[in-house]
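Novice: Starting from the known structure of chain D, fit chain H onto it as the hints suggest.
Spelled out, the chains give:
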Amino acid sequence: DIQMTQSPSSLSASVGDRVTITCRASQSISNYLNWYQQKPGKAPKLLIYAASNLLSGVPSRFSGSGSETDFALTISSLQPEDFATYYCQQSYSTPRVTFGQGTRLDIK
Amino acid sequence: QLQLQESGPGLVKPSETLSLTCTVSGGSISSSYYYWAWIRQPPGEGLEWLGGIYYTGSTYYNSSLKTRVTISVDTSKNFFSLNLNSVTAADTAVYYCARQGRGGPTNNRFDPWGRGTLVTVSS
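Protein chains in written order, with my numbering: chain D, 1 to 108; chain H, 1 to 123.
With the rest of the complex left out, here is chain D (with noise of 0.2 Å):
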């Protein structure tokens, strides 16, 4: 199975800040991640698929990068409404998948 690995786990920001996100894949899954947004008692929501392209209606501070075994997902300024844990997915072994660990972004 492609194991994925999220770093850092947990990071602390405040409201305007720039964060990133990493996520490894164990093996090339090519440009097949996705980016979920999981808030607490809540479903996880689609943001990122294929790496780069946003949903239609996610906000354009979000934005997703990386190929082979290297992603990332950049908050461009942090707003409120963006602390959430952010779990990657990939779809290489389609249709099986696996998720990364989750990373939990807390207000500083």
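It should be emphasised that the hints constitute simulated quantities derived from the structure, not laboratory data.
Do not rely on the hints blindly, as some may be mistaken.
[As the list claims (entries may be wrong)] If you only want the chain D side, here are some residues facing chain H, beta carbon under 10 Å, derived:
(1) N31
(2) Q38
(3) V97
[To be verified] Mimicking BS3-like on lysine-lysine, the simulated pairs with C-alpha atoms at most 30 Å apart in a straight line are:
(4) H:K66 with D:K42
(5) D:K39 with D:K108
(6) D:K42 with H:K13
(7) H:K13 with D:K108
(8) H:K66 with H:K13
[Claimed, not checked] Far from chain H, by Cβ distances over 10 Å, these chain D residues were calculated:
(9) S12
(10) T69
(11) I107
Note that CB positions come from ideal geometry on N, CA and C, so glycine has one too.
Specialist: Okay, now just chain H, sitting in the frame of chain D:
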């Protein structure tokens, strides 16, 4: 728009079978573009894909749970179901159903999700 809703018992005894249903509304489950998936999240932990099903009945399971998981579909009533047998406390989790894109890795993403249902395994 498409909505998914999980339903089923919130408490299951150890060694018994966990059974959940996901009702799909606002769209047909008989679409060639999608699988229908189950994902779970133990309290305070991350996400684990359990498996999925195509409307024809073809199934795909997480290899770590393959012997205990069964997913089925009822296209006439637009729902799909999860059975997980021989449960233990480690199966306590929020269980989500979700639509999973089909047609190659670029489409293989989960959107939308149900709200989730907490299932506790305890005597």
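Novice: Each hint: holds or not?
Specialist: Hints and how they fare:
no., hint, in the structure
1, N31, "holds (8 Å)"
2, Q38, "holds (8 Å)"
3, V97, "holds (5 Å)"
4, H:K66 with D:K42, "holds (27 Å)"
5, D:K39 with D:K108, "holds (17 Å)"
6, D:K42 with H:K13, "holds (26 Å)"
7, H:K13 with D:K108, "violated (41 Å)"
8, H:K66 with H:K13, "holds (20 Å)"
9, S12, "holds (18 Å)"
10, T69, "holds (15 Å)"
11, I107, "holds (19 Å)"
In terms of the numbered hints stated before, the structure departs from hint 7 and from no other.
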